[in-house]
Amino acid sequence: MANPQVPDGNQYYIPHDSPWPIRGSVALFAIMLGAIAYLNDWVGGWSFIPGAVLLAFMFFGWFGVVIGESRHNTYNMQVDRSFRMGMMWFIFSEVMFFAAFFGALFYARVLSVPWLGGEGVKVFTNFVLWPHFETSWPTNGPAHVGGIDGVFRTIPAIGIPMLNTAILLTSGLTITIAHHALRAGNRGKLALFLALTFLLGFTFVGFQAHEYGEAYRELGLRLSTGIYGSTFFMLTGFHGLHVTIGAIMLTVIWLRVLRGDFTPKRHFAFEAVAWYWHFVDVVWLGLFIFVYWL
Amino acid sequence: MADHALDAAHDHDSHDHKPHGWRRWVYATNHKDIGTMYLVFACTMFFIGGAMAMVIRLELFKPGMQFVDPQLFNSMTTMHALVMIFGAVMPAWTGLANWMIPMQVGAPDMALPRLNNFSFWILPFAFTLLLSSLFVPGGAPAGGWTMYPPLVLQNGASFPMLIFSIHMMGASSILGAINVVVTIMNMRAPGMTLLRMPLFVWTWLITAYLLIAVMPVLAGAVTMLLTDHFFGTTFFTAAGGGDPVMFQHIFWFFGHPEVYILILPAFGIVSEVIPTFSRKPLFGYEAMVYAVASIAFLSFIVWAHHMFTVGMPLAAQLFFMLSTMLIAIPTGVKVFNWTATMWKGSLSFEPPMLFALAFLFLFTIGGFSGLMLAIVPADYQYQDTYFVVAHFHYVLVPGAVFGIMAGVYYWLPKWTGHMYNVRLANWHFWLSTIFVNVLFFPQHFLGLAGMPRRIPDYAVQFTDWNMVSSIGAFGFGLSQLLFPLLIWQCVRSGAKVGNRAWEGAHGLEWELPSPPPYHSWTEAPSDALIARGASH
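Protein chains in written order, with the numbering used here: chain G, 1 to 294; chain U, 1 to 536.
Treat the hints with care, as some may be off.
Residues from chain U that face chain G, not an exhaustive set, calculated with beta carbons under 10 Å [said to hold, decoys possible]:
1. 23
2. 24
3. 107
4. 111
5. 115
6. 116
7. 154
8. 175
9. 185
10. 311
11. 528
12. 529
Bear in mind the hints are in silico, worked out from the structure with no lab data behind them.
For each residue, glycine too, the CB sits at the ideal point set by N, CA and C.
Please construct the entire structure, taking both the sequences and the accompanying hints into account.
Here it is in structure tokens:
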């Protein structure tokens, strides 16, 4: 419930100066330096680790301040709206990040692979450069890049991917039930269904990891397996990363529920995580259809 | 943590509570402090990028290799572009947005002040990474700022530094843009309806949408470069079923909206400055808003005009040619409306107006050469020549940079409470405007005569115009030194100004004292004030 002592719209909330963002910037810098040193075979790749630790510390500290302020009813409805809009536009930016990789997938399937096969005006591409290549999907390209001796198999859609689709869709349902329970003030049901949601999320990630192991060891499907492997692992990999982040966020929200946070009317953090969870759900549907199925 | 919360709650009452010392800047959450840091950062990068341009023009002063080896020359063209785009122009716009948007919409600060700090403080680290690549084995990135594979993959140790610095710049831009959108959508004073907003706020709102939509796409594109280089993916390798041209499509899907990100806020500033010094309301305010929105929409469906020569199907070439030409319509609306605003106005020519007028003429020249480049068969001739260099420098230097100058000269008295030395500013204007034309106009001739871009040496027939261009460059570069000098003078010892530093100025920012209070509008301005400001 909004604190009646903070009338909406008449008083603005302006935060104190904060040490947290600069810690985040330093953390990002250390992470990037570590990654660069690692990739260049320089000494100093270890700086990735303190960077990551500092970043985690930053999230704890920064969000801790925000949660503390929220519990003291520092925020009016205007601040609440700012947070909501900020989260929505952040998710939109994430959508566009995935759009780049979906764009690569569609470009390869609809344009570049058929062109290599000599389609349309590109007959000489095929004739001169890759005379033995016929258009096909999935493919690891005319040079049969990667795989086990140039050969690979794909993961059938019916199987773990189908199961994972069911898991994620169910988790979308459980978080909605949790949300209704929160609004109805039923804290027990809320905690239960929230726990179910992140357990389903981590289960999804577990299955995905199992599937990756199988793909690498047995199917010859690897990151380096031509354009199919590239698009497959980059799309599903970034998605899996987002599911992991989302499941961690759900766990944090669950711990906050156990601590007694959130009211039936004011629970921005819960909703932000729920939106994020639905977003990874929708991305997965796109992946299931265009990467595994069609 | 609870203590922090209580402090924050108390600070509502002490509006001008300013932190002191380094904490004020490093821990900053105030939109003016952060705006100042953005502007100082942008100015620094402007001179670093400018120094690189001087190296380029020095080498090109006459044919033959004089001062730098080809590798360093290529690094200079690549780094000059990256520094100017991501380090100078974009942060300058964000700095102006930080300073002006809360004041113009009647808010106390940006909507998400801590995030604001984060988006600024990522930048110095990102550019430390990028600039330090000048000193690693193999030198700085040298494959052009567009990072086309396979060439870019041949960079040495600088390659991951380039990729990760782009990631950091992108994160900074996205967070900054989210803050701008949220501030405009949620922090407007009651009564500040969307169609009462100043054009600078409108253009920044649309710019911010573009940023949120395309910076992640750039992040995706450079991530694919990274994995192609280090982890064996084949996005851009035909042998694996990928395509190097695919990178160009993804890159320019970001790249074309990006060029409007660089110019739209300039449209907004010119739309504020011309009415002020014409003593007339902006002609066709709503048409201006719709024109900006149309330009932004079109920017998403024209990208392949940057790559007509890669071998696209005819239908695609026709589509991208025609959609590109469509942009001339909303842009024409804007140019005509600015001109119509001055019609029968009571004009005076203070420095911001001079820069805005030069913008109007010179940006239009850049727009016209853009139309020439949009024509596919003509573009086959112009592609990768100095004509292209002349075109985009006309829209970026007397376009975007003059827009920034107009904005700074317009609002500097508001920020500091002091008037600057107008005589010196006039010198800055005239030297800049004369030399920018000496610098870039001959490049049209060079390009039409066939001089390729991004080369350190050239055939002797191109010597004369290259010499002229280089002289223009040195003149332009030196005259920019007046700018920090003038600002320093203004801050230290300018004459005091009142609330409304220009008597023809309208808008909420002019209702505040000069300099404005630390938190701009701690109480929402009255409807009467808003109506007086929105007199378009």
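Hints versus structure:
no.	hint	result
1	23	6 Å, holds
2	24	7 Å, holds
3	107	7 Å, holds
4	111	4 Å, holds
5	115	7 Å, holds
6	116	8 Å, holds
7	154	15 Å, violated
8	175	8 Å, holds
9	185	6 Å, holds
10	311	8 Å, holds
11	528	18 Å, violated
12	529	17 Å, violated
In this structure, the earlier hints numbered 7, 11 and 12 are contradicted, and the remaining ones agree with it.
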